Amino acid sequence: MYAGHAAIALVAKARRRAIPIAILVPVAFAPDWIKVLLSYAGNTNAAISHSLVSVAIGATLVAGAYYAFTRAAGDAFVLWLTYASHWAADFVTGTKPTWPGGPQVGLLLYARPLADVIVESIFVIVCYLIYRRSLPPESRKRAIGWLIPLGLIGMQILFAAVQSPDFS
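Converting from the sequence shown to the numbering used here requires adding 56 to each position, the first position being numbered 1.
Simulated from the structure, these hints should not be mistaken for lab results. Just so we're clear, the structure is a prediction, and the values are computed from it rather than from any experiment. Treat the hints with care, as some may be off.
Label-pair restraints from in silico Cβ distances [stated by the list, open to error]:
id	residue 1	residue 2	range
1	G98	R127	38 to 44 Å
2	I90	R196	32 to 38 Å
3	V218	A128	36 to 42 Å
4	V182	D88	18 to 24 Å
Cβ atoms here follow ideal geometry from the backbone N, Cα and C, with glycine treated the same way.
Please put together the full structure from these sequences, using the hints given.
See below:
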């Protein structure tokens with residue numbers, strides 16, 4: 057899942073307005089960024105970034121650091137959930153390790169790119185609508201806000217087209 061991680065950050069922002077979106081988005085994508093950094097170092101073991109164990113550890117470290125700086129327990133918990141949601145979201149679209157040496161599990165929606173785009177697009181729109189409801193009424197009236205989900209959906213379509221040129 058790609059666009060869906062950003063959409064989850066929008067839902068977290070809707071629930072906890074005090075958390076900057078500039079923190080929520082990187083936290084939602086953190087396991088992917090860890091995976092990329094590790095791959096540059098020559099390590100391709102996905103269990104280090106994407107297993108249930110590593111996601112729980114990463115979520116706890118992020119939430120703990122945020123709490124240490126802000127003393128906002130509720131916000132720290134939402135950051136923990138945002139980070140942890142990465143595994144569940146990836147379970148739908150791909151396969152992910154459960155624990156080091158454990159089985160890979162997932163629904164592998166990426167094998168059907170068109171279905172993936174449809175599912176993720178619906179997910180992005182639902183998450184955006186949740187976020188939009190948290191905005192002041194005058195902000196909800198602005199059509200420009202729809203650039204957020206449309207941009208995320210466009211990003212997902214581009215990803216699917218690059219990964220599977222036949223896009224069937």
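Q) Can you list which hints this structure breaks, lowest number first? A) Of the numbered hints, all hold.
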